[in-house]
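Colleague: Listed here are the chains, written in short residue letters.
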Amino acid sequence: MRIPYDWMSTYCDPGMEPEVLAEKLAMTGTEVERVVVSGPPSAENFVIGEVLAADSHPDADRLRVCTVDAGEGDPLSIVCGAPNVAAGQTVVVALPGAVMPDGMKIRKAKLRGVPSEGMICSSAELELGEDSDGIMVLPEGLADPGTPAGDVLPVSQVVLELEVTPNRTDCFGLYGVARETHAITGAELAPPPWQGESLAAGGEVEQLVSVKVEDQDLCPRFTARAFTGVTVATSPLWLRARLIAAGQRPINNVVDITNYVMWLTGQPMHAFDLDLVPNGALEIRSARPGEKVRTLDGAEREPGPDTVLVCDENGPTSIAGIMGGAGSEVSETTTSVLMEAATWNGPNILRSSRDLNLRSEASSRFEKQLHPALAARAQIVATGLMIELCAAKPVEGMVDVAAPMPESRTIRLQAGSVERILGLAIDAQAQLEALDKLGFGVGRDGDDLAVSVPPDRHYDVTREIDLIEEVGRVNDLDQRLPATLPCGSGRVGRLSRQQSLQRRAEDSLREAGFDEIVGMSFTDPSEAQLLRLAPPDPRAIAVALSNPLSEDQSIMRSTLIGSALGAARRNLARGAESVALFESGRVYLPAGEFGSGPLGGDFPGKQRPPVNEPHHFCVLATGSIDPASWGHDAVGADFFKIKGVLERLAAGLGTSVEVVAGEQPFLHPGRSGEVLVEGRSAGWIGQVHPAVAAEWDLGEVVAFEIALADLLEASPLGEEKYVDFTAFPPVDRDLAVVLPDSVPASGALEAAREAGGKLLRSVAVFDVYRGDQIGDDEKSLALRFRFGADDRTLSDEDVTAPWQKIIAALEGMGGRLRG
Amino acid sequence: MGQKATERIFEIEAEATVEVEAGENVAGLEELRVKWLGRKSELTGILRGIAGLEPAERGLVGGSANKVREKLEATLEARIAELSAAELETSLSTDSIDVTLPGSPVRAVGHLHPITRTRRLIEDVMIGLGYQVMEGPEVEHDFYNFTALNHPDDHPARMLQDTFYVEPGGGAPAEVGKQDVLLRTHTSPMQVRAMEAAPPPLFMIVPGKTYRRDSDATHSPMFHQVEGLAVAEGITLADLKGTLLAMLREIFGPDREIRMRPHFFPFTEPSVEFDVSCFKCGGTGQLGKGDRCNLCKGIGWIELGGAGMVDPNVFGFVRDAGYDPDSVTGFAFGFGIERIAMLRHGVGDLRLFFDNDVRLLEQFS
Ligand SMILES: [Zn+2]
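If you read the protein sequences in the order shown, they are chains A and B. Position 20, counted from 1, in the first sequence is what the working numbering calls 20; the numbers after and before it change by one each time, with no gaps. Position 59, counted from 1, in the second sequence is what the working numbering calls 59; the numbers after and before it change by one each time, with no gaps.
Treat the hints loosely; a few may be bogus.
What the hints assert, rightly or not - DSS-like, lysine-lysine: derived pairs with alpha carbons at most 25 Å apart: (1) Lys297/B x Lys24/A; (2) Lys606/A x Lys297/B; (3) Lys805/A x Lys779/A.
Hints in this document: simulated from the structure, not taken from any laboratory. Please read these numbers as outputs of a predicted model, since none were measured by experiment.
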């Protein structure tokens, strides 16, 4: 909302620099984006001049050499290219030193050999109009030559660019901003421009205009006035200047009046050429299927069935509250005008404007719901201007089709309420004065205040709490409000167990040398193909966006591996030789079982979340993982390196994982596994399939992804129970067993564990041998067993029985002991 | 006989001592040990012969022999220790390395993402102020993101945030803006979820990802926010100010001040935006020789986020859970994590955080 400062000052002149007012507005709830200048940055060196002579230029057909009286001293010689320049004209002259809106500084110069001591300005150059073909010719005798142009013309207008919040419909009108200025500065406020007049419904106008409203819920009020004898012309300079400063394009006096009134009162208007409305009959109704409207911008639009149209006997003429139609537009030949000021249903306008993808100054006001009282105000102000600027004769009366006005509201502001909410006491008199200045009707009722809400604030201020806000914001809240802390209530702030374990897990990966990345939750649907994921794999069924920014961000990721591969590719392309990355983030699955707690996608609240979004870890490495030195080569990231990282991650949480053979479509089929936590699947690990890695321009890549909630659930951290290790030392035994390659190590361990019974505390692989001493398709595993009991030191005999069973089990799966 | 033996014992002591002290290496001393104290040594012979002496002489000879034996052993040990220390030094001096060669590298520690670090900092500060940390869904129902936060249907406030909507599974695509499921546009939906789940008093923050249809140097379609909510009896706007001030001083330094500007949010009333005094120019807007501060653009204040008192209409959605606006009041606030990280670390472009270039990540150990 652009507020020309001088225009606003005609209603409330705060007597301070615009920047100071801007600061005050900002500190009381009206954000000022910028303070700008419409036109040249300063009016300095712009003066009124009179063209004494306009002679042709000796060396250029299109240029004239003008002699201009600009006040002091000798007349100036100014070379001018405008075709309309002529002797006798009153013009604006930019003298040397003047700065134009684009920053150009006027200097003395020679144009084709002729000296030029300034510039005669066009209206476009001064940003007072759009005419750039010729110079701006002012009314003869407007001012004496040499008069500073700023004294008689709005050459350089300061404009406050406000960002009005959607609740404050009053500040979508300049008078509302003036009232706000009054409330926060105390400067006097002029009465509103509609004050003291009223327009009664009915009258002669009903002979010329009839209005039928189909649904008063969609059109709570429709007012129309008629004017005859209208002279359509260009608006006077002051009005054009105000509109331009407000950011509106001047068109002709009638249309300009509608825009001017909207800017001043906040109520949009629309002018019809009454002679182009058959029988002056308008009907307000919802759009019918297939109906089309040609709007003022020249486009043909097909509104949806909820959209309200203003129709005449020939059909739709405009889209209610959004944009007028081309059919009954006011033009140079117009002599009779039908002036509309209506009230529309805000939500309906918002919906229609969204459906049509069409917004306008009018719709942006109507969609916030205007009060029906505003329509009559606008008619009053417009009538005055029609008479003044268009020599129009108003037809007596006003067509006014209106539902009953919303009942005006009185709210009680209790004595203690302001302090209860703000934590700052403001005395009753100050409360009363603040509300009074803001336009509320305030009376005392015992210790309380009885506050009646003006139409401008009817939809915004509905409860006591809204009054508390009003009182607070204009009472220098920022300076006066103390800074206190809530009183204690025995609360304890701490991370949940899951949260602190999550931190520990992230830290352990960081300490293992991995850099944390944060990938975008969005991804490209083609990623699933690159990863060879296909239904029924749940990761191939994406949570998709209806209105993505782009195709490559149109679905939500169902795995973290794509983000990690993308980050690896980018870094390698930029010169990194190797990367070790991890991400701690969510994946999004349309369905599936929730894990435990927020990390498993199970969040507080009555309604289940719409999709399943468990938290995963993805860890990826490519290139060397241990750096080279002069003593040894770099160690490349391979399956066992990344598995070591996984095991370390689990161990850091006091638990362990198991990896069993298991394929993933995007992994090397011979180097991939399923990660089990307490026997249940919690993720995958492996070398990325070389063909998949190649899609990301990568070579050997190893990675794993694991559901964090599953891993953390297995962690005993913080809940460990002490086991006495001093009383009964364990017994360790080793053996080496040769097994066919078809038997995985995990199978051998599991068999051994089962056979070892409850005395077997642990078993682990501590060496693997392949080579000449055993067959080509065999491996030798060296296993270490630890036996123990809680109640005694084990003897050799105690261990003999389980040991025999273990050996039998290993032999049973095709193993033979190695000496 | 006895006297002669005694004399011989002292002669042995003298001779052996001379030889031991002259010994030049450990091996030679071991030979001397055999010669003077071994099974076949003269001293051992004398001790063995004691039985053949007169009983009255036995004690004297035996005592002397044992005494000399002990003395010789001590002398020997001392000399061996002396020599072996010297020998070790000699052998070490020939076993030298080039200490100027580079060390064998171990894998360097990695780096937490600056967003994670900043999030944890905020969490830790708020935990210290007595808040719990909660998480909520990013794909959310319209109800929690808008309706229960006092954004009625077709309310212009919904247009303030350009929302991503999620395709309903299965059937035909629904009309944009009319769908129930969306990507949360702020962390505020957790306000209602948290209140549904537990009665007051409630003090919690919600860090997490949020989404808006916007992309440029200061906007990413995905970004991170922290929500804060405090509901109890007697909570005031002044408490909000004090809480934010305490938090901002922990994050930006003890000299910071806070500024609250009235604003509008549908789910708080009164609503404010809050700024922190610029830590680069100390809130003056100027650097050194009168140059305009580029961080706060000469204003002295840096915009951080929005806040306010929980609107009674929001409590209306959780009245059953114990939130009666006549008995409890509350405040809520929200701000961007990236914004804090950008300010603290001087990162100019928001999008760098999601580019994951290790040259950026490695600056944040
Ligand atoms: Zn600064």
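Colleague: Against this structure, judge whether each hint is valid.
Modeller: A quick look at each hint next to the structure:
1. Taken as a hint, the Lys297/B and Lys24/A pair is honoured in the structure, with Cα atoms around 18 Å apart against an allowance of 25 Å.
2. The hinted pair formed by Lys606/A and Lys297/B fails the criterion: a straight-line CA distance of about 45 Å is larger than 25 Å.
3. For the suggested pair Lys805/A and Lys779/A, the alpha carbons sit about 21 Å apart, so the restraint of at most 25 Å is met.
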